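Residue numbers 1 to 129, in the numbering used here, belong to the letters of the sequence shown in order.
Bear in mind the hints are in silico, worked out from the structure with no lab data behind them. Owing to the predicted nature of the structure, the values given are computational and were not obtained by experimental measurement. We put the CB at the ideal spot given by N, CA and C, even for glycine. Heads up, a few of these hints could be off.
Ranges of calculated distance between the beta carbons of each label pair, as one might list FRET restraints [unchecked claim]:
1) N23 to E63: 12 to 22 Å
2) L74 to E40: 44 to 54 Å
3) D76 to M1: 14 to 24 Å
4) M1 to L74: 36 to 46 Å
5) I78 to N23: 40 to 50 Å
6) N23 to M1: 31 to 41 Å
7) R52 to M1: 33 to 43 Å
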Amino acid sequence: MLKRLILIVLLTFAAAPAVANENTLRDHYVTVLQDEGYEEIRITRTLLGRLRFVALSPRYRREIVVNPITGVVLRDYIRLLGRSNQDRDDDGENGGYDDDDDDDDDYDDDDDRDDDDRDDDDRDDRDDD
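With these hints in hand, go ahead and build the complete structure from the sequences.
Here's what the structure looks like:
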């Protein structure tokens with residue numbers, strides 16, 4: 001009985017630095033991200049128990065994954081956020097670049113006419129009489 005009690009006390013005190021270390025890591029990364037201009041910072045845990053920081057600034061989204069025991073940064077990913085919808089005047093219907101209104105052949109003008117002399121349809125034009 002005494003051995004179990006000693007073991008429980010030792011394990012409790014052994015886990016205390018890990019909790020203190022985790023709080024220190026949280027405070028450190030939140031401070032760093034705020035200093036770099038990130039306004040919204042969310043802290044979650046991954047399935048493996050790692051700390052995951054997702055931070056947003058007006059231009060960037062940053063994700064940092066840290067091992068809470070060792071403090072090692074396992075991932076630091078920064079993504080440039082896209083332009084606003086107001087700036088996308090050259091995008092096509094499905095998000096691709098659209099150089100003109102419809103698909104004519106030679107160059108980008110604003111009409112639907114075929115601008116070259118090629119025969120572009122799939123049927124055979126010969127007479128089979």
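Hints numbered earlier in the text: which of these fail when held up against the supplied structure? When the structure is compared with the hints, numbers 2, 3 and 5 turn out to be violated.
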